[in-house]
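J.: Sequential numbering from 3 applies to the sequence shown in this note's numbering.
Honestly, the hints are just simulated from the structure, not real lab data.
Any given hint might turn out to be false.
Quick list of simulated restraints, FRET-style, between CB atoms [stated by the list, open to error]: (1) Lys87 - Thr54: 32 to 40 Å; (2) Thr99 - Thr61: 20 to 28 Å; (3) Pro109 - Lys87: 27 to 35 Å; (4) Thr81 - Asn111: 18 to 26 Å.
Calculated pairs, EDC-like style, for lysine to aspartate or glutamate (alpha carbon to alpha carbon, straight line, at most 16 Å) [stated by the list, open to error]: (5) Lys85 - Glu46; (6) Lys69 - Asp102; (7) Lys87 - Asp134; (8) Lys85 - Asp32; (9) Lys48 - Asp71; (10) Lys96 - Asp134.
By construction, the Cβ of each residue, glycine as well, lies at the ideal position given by its N, Cα and C atoms.
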Amino acid sequence: MRARKLLVLGLVAIMAVGALVVVGCGDDNDEAKEALRAALATVETKVAGLQTAFTQGGTVAELKAAKDDIATDWQAVVTAAEKVKGADVEAAKKAWTEVDTAISAIPDNATLIEAAAQIMTPVQSLMTIAGDLAELAGVTKE
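Starting from the given sequences, assemble the full structure and let the hints guide the process.
T.: Here it is as structure tokens:
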């Protein structure tokens, strides 16, 4: 049970972006920012589903499958960020690479505690980048 809580905590960290609401921007970068907000919202939705799955008894195999599913959505975040002035695109790419590497390296027979320990730091880094991009795109907390 503790392992599941740790894993969910890591996923909840990403979900911090989920407590965000889109607000208007007001400069000529609006279309790019809107695309970034939409891409971040898609990632947020997928992570919410993953969090629900884990609170109901997820497995390492499900985590790996979810990572593969979210990879395309994170690439959309990166692509949108490339068009937003001031976005740290390289940091976004690096953060995903670290999450991908950490999750891919989890042995299939790992416990949830082992999995949580392995992904906690990369997930926190990804969450930080997502938050930075959300702020840049004009997303604020409710």
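J.: Decide, hint by hint, whether the structure agrees.
T.: Checked hints:
1. Separated by about 35 Å at the C-beta atoms, Lys87 and Thr54 satisfy the suggested range of 32 to 40 Å.
2. Between Thr99 and Thr61 the CB atoms are about 24 Å apart, so this pair conforms to the stated range of 20 to 28 Å.
3. Against the hinted window of 27 to 35 Å, the Cβ-Cβ separation of Pro109 and Lys87 comes to about 42 Å, which falls outside the hint.
4. A C-beta distance of roughly 36 Å is found between Thr81 and Asn111, which places it outside the suggested range of 18 to 26 Å.
5. Distance check on the hinted pair: Lys85 and Glu46 sit about 20 Å apart at the alpha-carbon level, beyond 16 Å; violated.
6. Restraint check for Lys69 and Asp102: satisfied, since their Cα atoms lie roughly 7 Å apart, inside the 16 Å limit.
7. At roughly 13 Å between alpha-carbon atoms, Lys87 and Asp134 fall within 16 Å of each other, so this suggested pair holds.
8. As the CA atoms of Lys85 and Asp32 are separated by approximately 10 Å, the hinted pair is consistent with the 16 Å bound.
9. Proximity of Lys48 to Asp71 is assessed by CA-CA distance (about 8 Å); at most 16 Å being required, the pair is judged to hold.
10. For the proposed pair Lys96 and Asp134, the alpha carbon gap of about 14 Å is at most 16 Å, so the pair holds.
In this structure, the earlier hints numbered 3, 4 and 5 are contradicted, and the remaining ones agree with it.
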